[in-house]
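> Construct the entire structure; sequences and hints are all you get.
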Amino acid sequence: MPRRQFVSDLQNIRPDSLPHGTHSLEQGEDDGQFTFTFPGDSSAPLPQPVTVTALITDLAEYPKSHEYMLFSDDNAPLYIGTALQDVRGTARKPVIELIGIVSAALTKAAPVKDGDTEMEDSQGLDEEESLGEEEDDDQDDIYDSDHEAFGGSTGVATSAHQTTSSSAKVAASSRAFRTRIRSDLITAKHAGFKVGQVGHLMEGLNCFVSISIRMSKLGISHEAMQAWQVRPEEYLVLVIQYPNGYKTSEELQALDSLRLAPNLGFRICASKHYKPTLQEAIQAFTVVSKADSRDNVSSSTTTNAIPQSEDVCDDGGLRETFISKPLNSLLQERLVPILRSRAIGMTWRGAEGWYVESASRGPSNADGIPDAFFEPEPLNEALPDIVNADHHAFGLGRKSLEKSFPLLAMQFLLRHFVRCTDFCLVCHRPLESEVEAIKPYVCDQPLCLYQYMTLGFGPSIEHEILSQPYVVDLLISFCYVSTATRKLKDFPDGLALMVPPISPLGTDFPDQVHAPLNRRAEVSKDPSEVNKESSSNCSTYEVGLDPNKLEMIFHDKPDQCPVRRGSWIVFKASEFRHGEMHCRIADVTYYPTIKIDTPVTMTNRKGDDGEGPSDITWATSKTSSASTKTITPAATPKWINATFQVYEQDFENLTKHAKCIAICRLLDTLPNVKCMQEYLSRNRPNDLKSWVDRISPAALSLLRWIIASNRACIMQVDGDTAAQDANRVSGMKGYMQFRFAMGAPDKEQRFLTAIRDTKMRLGLQYPTIFAWHGSPLYNWHMIIREGLHYKNADHGRAYGDGVYHAKDAGTSITYCGIQYYSPGGIATSSAWPQSLLRVNSTLAMNEIANAPAEFQSSNPYYVVQNLDWIQTRYLFVQCNPVDDALRGRLESDSSPKQTHPQDPSRTPTGTNRNRVEIPARPVKAVGSTKISGNKGKGVRRRESGQSPLKRLKGNGGFADPIAVDETDDSPSDTTDPDDVEMLLGEPESEPESDEANAVTSNKKSPVSGTGDTDFLPGALDYSTLPLMPVPEYAVSGTTKRLLKELQHLQKVQQSSTLADLGWYIDVDKIENVYQWIVELHSFQCLNPKLPIVTQMKNKSMKSIVLEIRFNKDFPYTPPYVRVVRPRFLTFAQGGGGHIVMGGAMCMELLTNTGWSSVSSMESVLMQVRLAIALSEPPAKLDVKAHGDYGTGEAADGYVRACATHGWTVPPGFKEMAYGMGRKRDY
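Sequence positions in the sequence shown follow my numbering and run 1 to 1226.
Hint data in this document are derived by calculation from the structure and do not stem from the laboratory. One or more hints might be untrue.
Derived lysine-lysine pairs resembling DSBU-like cross-links, with alpha carbons at most 35 Å apart [claimed, not checked]:
1) K897 to K1089
2) K1184 to K1044
3) K656 to K489
4) K1051 to K1102
5) K1097 to K1040
6) K733 to K272
7) K1040 to K1112
8) K487 to K807
9) K1069 to K1040
10) K1214 to K247
11) K1184 to K1102
12) K897 to K1051
13) K689 to K557
14) K272 to K1102
15) K557 to K572
16) K217 to K1051
17) K1069 to K1097
18) K272 to K194
19) K1051 to K1184
20) K1040 to K1099
21) K656 to K572
22) K1180 to K217
23) K1089 to K1040
24) K217 to K194
25) K272 to K1089
26) K638 to K656
27) K1184 to K1089
28) K1040 to K1051
29) K572 to K595
30) K64 to K689
31) K1089 to K1112
32) K1044 to K1102
Simulated restraints on C-beta separations [as the list claims (entries may be wrong)]:
33) E26 to A91: 56 to 64 Å
34) A798 to V882: 36 to 44 Å
35) Y1218 to T179: 36 to 44 Å
36) R340 to D883: 17 to 25 Å
37) Y1218 to D978: 37 to 45 Å
38) S257 to L466: 23 to 31 Å
39) G345 to H1205: 35 to 43 Å
40) V1052 to L10: 57 to 65 Å
If you're wondering where the values come from, they're calculated on a predicted model, not measured in any experiment. We treat Cβ as the ideally placed atom computed from N, Cα and C, and that holds for glycine.
Here is the structure:
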C-alpha cells in the first residue's frame, strides 16, 4: 500500500545516509508529511538551522506519480524560501532522493564570502534555464527539466544542460577527476571495446557513458543471432547513466543501496552505432507505463521509450535486445554488491553465488564465507578471449586497486549475454539442467516461470505470429499431439492458470449442479483417481440462453452473482452439435440477466457423423472481431436451456492426466494463427491480450508458454510468399521446410572445431555428411526443448547407444508415426483442430562428421554417439495445408543455384529416392573458402569498377584466407570526434615520451603556412617499390580495423587541402591492407628553413616515401614505420628527424612501451611528419647515397634503437618486418 511504502521508506533512512549536515528527519503530523533540518553550508552556516517541511499532496499516488510541496520556517532567510520554490524535478521521487535534491539546492543557494557557491560533490540540480538557446525547440518540448532520464526511477533530478557554480565545477572537474575518467575509459578501450560519452562527463554532471562491441566478435553462431533477433553488424551497447556525475568503482562500492540507485543506471541495447545520441540515451531511461483496466482487472506494465527487441530499426537506431529487461535489473540490483565480493578475491561465479546465499540467509561478515566461493572458475574455451577476459583477475588498471567500472560492467554483461542460456532469466542462478538450448529460459522454480511470463521477459508472441505464423502453428501442433497422447513431461505449472473444471474421473464436464437448485448429483469417485483437489467446489449452473441478444438468465437466482465481467465460462445445451461452447462474460449489471460475448465454437473432428441438432445462429457482440460460421435453423426458441461452469479450476491441483485434458481444451478454444495474424495486423500496435472476447487469459498464457519455452531456432523457408529458393533443399517434394538449429549458442563453434579436427586427423576432402533423423510427432515438443540425445529408447537400440540417422528419407519416415489428419483434412482426436498446416509427421536433416568408421555403428544406420559431431540444419514437415497456394508450392521442386559439396558415396536421398541437393548458403563449410587468382603470388586480379577498399576486404592469409560475411560490408562506425578528444587527454600533464613532448612542443612553433604545394599526387611509380605478400598471420578482426582506418583517412584526404594535410595515400594502389605506402610532403608549410626543404627542392624530390606495416595484433601493437626513399644521414653523421640507420622511425610511440591502442593512424602520420620536421636535430638527406632502404637494414635499425632506449619490441615484429617483398608487377 502507498502509505505503508512511504512509512517504510522514511524509517529505512539511516542518519549516516542523509546528505552532509542534514539531520533530524522525522515524520510529520499529517499523512505524507515529514521534516528535516538544514544547518547551511559549512563555508556559510546559517545563524540557526532551518526546518524544511515536505508534504506529499496525495499519498495514494506514492511512489509512482506523487508530487511534493515544500515549506520552511517563518524566520528562515528569504533566499531559503526562494530556493525551495525554484526546486524542480521532485515529482515521483522517493523520500531519500527528495532530501538530496532539496539539500543540494539550498547548499547551492547559500551565499559564501567570495560570492560563489560550493557543492559537496559533483551533483547537479535542475534550474530554470533557457534551454532553447542550447537545444531545438521541439527537443525541449519532449524532454523538459523534470524528465525521467534526469531524475526518474534511476537517479536524482538533473538536467542534461545544467549549470553549477565555478567552484563546484573546479572541484568536480579537477585534473585528477578527469584523469581518472580517462584512465577508466582507456582501460576499457584497451580491452577491445568502443567507448563513448554523451552529456557533461568531464564537468562532473549528468552524463551517459557507452561501452560497446560488435555482435560478430562475441562468438555467437549465426543461428543463435537469428533466434536472439540480433545482427552481426550491430553493436551490443551498454549505456551507463551517472545522474550526479561520474563515479569510480571504489566510490560506487562505498554507497549503500539507498544512495546507489540515484547515482547509477544501466540500459542494455543493440544498435548499428557504437553510442547513442542524446535523444536516444534519454529515451532509453524514460519509463513508459501501460495501464490496462480491461475487465475490471488493474494491470500495468512498464517499458522503455526506445524500440523493443523485435522492432529492428531500419536506420540502425538504439533498441532493446531480446533480454534487455532481465539484464537491466540484474546490473542495477546486483553488479555493485557482486563487485564488493570480487574485491576480496572471489571469481564472478563465486561472487554471484555468495550474493544469492547472503540474500537468502541475511547479512554475514567476510570471515564466514565458505571456501567454495573462492574456488577458480573454469573458462569456456569455445568462447572468444574478450568474453572470457576478467579485468579483476588480470589487473588491467593503472593501479592495482583502481578498477575501471565501465569495463567491469561490460565484462559482467558479456558473461550473462553471451552465456544467457546458462542462467535463469529471472533469478539469474546457473541452470543445473544438462539440456543445451539456443534460447534462454528459466529454472525449475514456479515463481521464476510466473515472473518470466508476467513481467514480459520472454519473447513477443505477437512478433512471432506476425513474422512466422507457420512456426507458431507447428509449435502448437507439437504441444497438442504430445498432450493428447499423454507424452507431455513438463507442464505450465506456476502460471496461475484457471481452467474449465475437469471431473475426478478424467471426463471434461462433471455433473454437479449449483446447491440452491437442489439438483446436485454427487459423482461416484474412485479414491485412486481423484484429483489432488476435488472438483466439488466447481459448481454447475442452469440458465436460459438467448442467442439473438447474447444473454443468459438464471432460472433460480443464486444469492450472489457467480461471475463477473471478464470471467470465462463453458456451457452445454442439447441444441449444441459440438458438445460445448466457451465465452466471456460481457456485463453483469442487470443480474440475474447476464450479457455474454459471441461464444467460441469447437471444430469438427474426424468421427463426427454430422447428425444432430442444427447449429445455433449467434448474434455478434460489438467487441467481437472473430468471424463466426453459423447455420440458421428452421426455428430457434428464444430461451435455450443450458448449463455452464466457470473457469475456476486451479491447473496446478490437477493430476497429470487431467492437466493434459485441460491443455487440449484450452488449445481447442484458440483461433488459428492466420486469424491471430489478421487481428494483430488490423490493430497495430497491439497485443493478443486486448482480444478479450476471443482468447481467454488461460489460453493466452498457455500459448505464451508454448512459444517462450521453445528453446530451438526454427525459421520458415516456405510461407505465404514464394519459397526462399536460396535456402530450400531439393528432393523433398510435398514437405514444408524450416531452417532448424538447436543446442547452446557455442554449439556451432564446438561443432566446427570438432569437424575441423576430424578433417585434419583423417585427411578428409568432405568433412561432413548429411543424414535423416525421424521421430514420432509427439516427441518433437520435447526435442525442440532438450535437443537430440539418446537418454530414451523408444524404438530399441539394436545397434548401440547414440543418435540414429538414416541415409534414405524413407527409412526415417517409417519411425515418424501415424497420420493425424484424414485426406480431407479432418483432425483426429490427437491433432489440433485449428491447425493450418495439419501436420502428419516430421523429420530432421542433420549435418554430421564424415567419420563412419568411428561411429557406434555405420550400417544400416549411422549411430553417432558424439553429440558434438551432430548439428541440426533442416526440419521437414509432411502436412496437408489449408492454403491451396501453399500446398501447390510444396509440390514444386527446384535445385538451388549454389549447392553445398557432398561426399558422392554418402549423399542422402529424398522421398523420391533421388539425391537431395542442399543449398550452400545456410551451411558453414569447413575450409571451403578459396582465394581467387594465383595463390602463390598473393595478388588478386582487380575487378573493373571495384572499390579498392572492398577489394581489400578479401585479403587474408594463404593457409586460411579470410572469409568476410556479407554483413561485414556494412559501413564502419567512425569514432565521434568528441570521444577521440576525450581519450587523448591533456598532454602537458601526461606525456607519453620524450619524443612525444618534443613533438607536442613543436606543434606551436612551426609556421602553419597555407601556401601552395609543389606535390603532385599520383606521380609516384609504385612498380619500383617492394610488395609485401598477404601475411599468413592475417586475421579478420585486424583486417576490418585497418579497412576502417583507410576509409577514415580517405575521407580526411577528400576534405582537406594537400598543403594543410602534408601526407598522401593512394588507396587505389594498395594491394595488401597490411602494407601502406605513404608520401610525406609540403614540409615548407611547417618550417621553410628546414634543411630537407632545400635539399628536396635541389634534387627535385616532391615527397618522402614511407612504408607502414601492421601485424595481426593491431591496434594493440603499434605499426612499423620506415622510410623507403630517399636516404637520410644517421645521427652519427649529423642527421636527425628520428630516422635511424636503415631508415626506420625511432619513436617510443611506435614501440610497445609508448603505443596506445586508442591512437588513430591519422594522429600517427601527423606525429611522424612533425618528428621528421624537428629542428633539433634536423633531418638531412644523404645526397651522396643512391638507392632505397632495404627491409632487412630497416628492421635491424629498429631493433637496435629499441635496445638502446630500453623500449619493448612488439611481439611478432620479425615476422612482420623481415617479410621480404618483391617488385610490383604493373
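> Now look at each hint and say whether the structure bears it out.
Each hint, compared with the structure:
Distance restraint check for K897 and K1089: the Cα-Cα separation of roughly 66 Å exceeds the 35 Å cut-off, and the hinted pair is therefore not satisfied. With a C-alpha separation of about 40 Å, the suggested pair K1184 and K1044 falls outside the 35 Å cut-off, and the hint is violated. Between the alpha carbons of K656 and K489 the distance comes to roughly 9 Å, so the proposed pair stays at or under 35 Å and holds. Only pairs whose Cα atoms come within 35 Å are accepted, and K1051 paired with K1102 is accepted, the gap being roughly 23 Å.
Taking the CA atoms of K1097 and K1040, the gap is about 39 Å. The hint is violated against a cut of 35 Å. For a cut-off of 35 Å, the pair hint linking K733 to K272 is broken: about 40 Å separates their Cα positions. For the hint pairing K1040 with K1112, the CA-to-CA distance comes to about 11 Å; that is within 35 Å, so the pair holds. As the CA atoms of K487 and K807 are separated by approximately 28 Å, the hinted pair is consistent with the 35 Å bound.
Straight-line distance between C-alpha atoms of K1069 and K1040 comes to about 18 Å, which keeps the hinted pair within the 35 Å bound. With a C-alpha separation of about 43 Å, the suggested pairing of K1214 with K247 is violated against the 35 Å cut-off. Proximity of K1184 to K1102 is assessed by CA-CA distance (about 18 Å); at most 35 Å being required, the pair is judged to hold. Restraint check for K897 and K1051: not satisfied, since their Cα atoms lie roughly 39 Å apart, outside the 35 Å limit.
Taking the CA atoms of K689 and K557, the gap is near 32 Å; set against the 35 Å cutoff, the hint holds. A threshold of 35 Å between alpha carbons decides the hint, and for K272 with K1102 the separation of about 42 Å lies outside it, so the pair is violated. Distance hint between K557 and K572 is fulfilled; the C-alpha atoms sit about 19 Å from each other, no more than 35 Å. Of the supplied pair hints, the one linking K217 and K1051 holds, its CA atoms being roughly 26 Å apart against a limit of 35 Å.
The hinted pair formed by K1069 and K1097 meets the criterion: a straight-line CA distance of about 26 Å does not exceed 35 Å. Annotation: proposed proximity of K272 to K194 holds, straight-line Cα distance about 13 Å (limit 35 Å). Between the alpha carbons of K1051 and K1184 the distance comes to roughly 39 Å, so the proposed pair goes past 35 Å and is violated. Restraint check for K1040 and K1099: the C-alpha separation of about 39 Å exceeds 35 Å, so the hint is violated.
Taken as a hint, the K656 and K572 pair is honoured in the structure, with Cα atoms around 25 Å apart against an allowance of 35 Å. With a C-alpha separation of about 46 Å, the suggested pairing of K1180 with K217 is violated against the 35 Å cut-off. As the CA atoms of K1089 and K1040 are separated by approximately 41 Å, the hinted pair breaks the 35 Å bound. As the CA atoms of K217 and K194 are separated by approximately 12 Å, the hinted pair is consistent with the 35 Å bound.
Our distance criterion of 35 Å between C-alpha atoms is broken by K272 and K1089, whose separation comes to about 49 Å. The suggested pairing of K638 with K656 is violated, with an alpha-carbon distance near 41 Å, which exceeds 35 Å. Taken as a hint, the K1184 and K1089 pair is honoured in the structure, with Cα atoms around 22 Å apart against an allowance of 35 Å. Straight-line distance between C-alpha atoms of K1040 and K1051 comes to about 17 Å, which keeps the hinted pair within the 35 Å bound.
In summary, the hint linking K572 to K595 is supported, as the alpha carbons are separated by about 17 Å, within the 35 Å threshold. Taken as a hint, the K64 and K689 pair is honoured in the structure, with Cα atoms around 24 Å apart against an allowance of 35 Å. Between K1089 and K1112 the CA atoms are separated by roughly 40 Å; this puts the pair beyond 35 Å, and the hint is violated. Among the hinted pairs, K1044 with K1102 is consistent with the structure: their alpha-carbon atoms are about 28 Å apart, no more than 35 Å.
For the hinted restraint 56 to 64 Å between E26 and A91, the CB-CB distance of approximately 23 Å leaves it violated. Taking the beta carbon of each, A798 and V882 are about 40 Å apart, inside 36 to 44 Å as hinted. At about 39 Å, the beta-carbon gap between Y1218 and T179 stays in the expected band of 36 to 44 Å. Remark: the range hint 17 to 25 Å for R340 to D883 is contradicted by a beta-carbon distance near 59 Å.
The beta-carbon spacing between Y1218 and D978, approximately 41 Å, falls within the hinted interval of 37 to 45 Å. Between S257 and L466 the CB atoms are about 41 Å apart, so this pair departs from the stated range of 23 to 31 Å. The hint said 35 to 43 Å for the Cβ distance between G345 and H1205, and at roughly 38 Å that hint holds. Taken as a hint, the range 57 to 65 Å holds for the pair V1052 and L10, whose Cβ atoms sit roughly 59 Å apart.
Going through the hint list in order, the structure does not satisfy hints 1, 2, 5, 6, 10, 12, 14, 19, 20, 22, 23, 25, 26, 31, 33, 36, 38.
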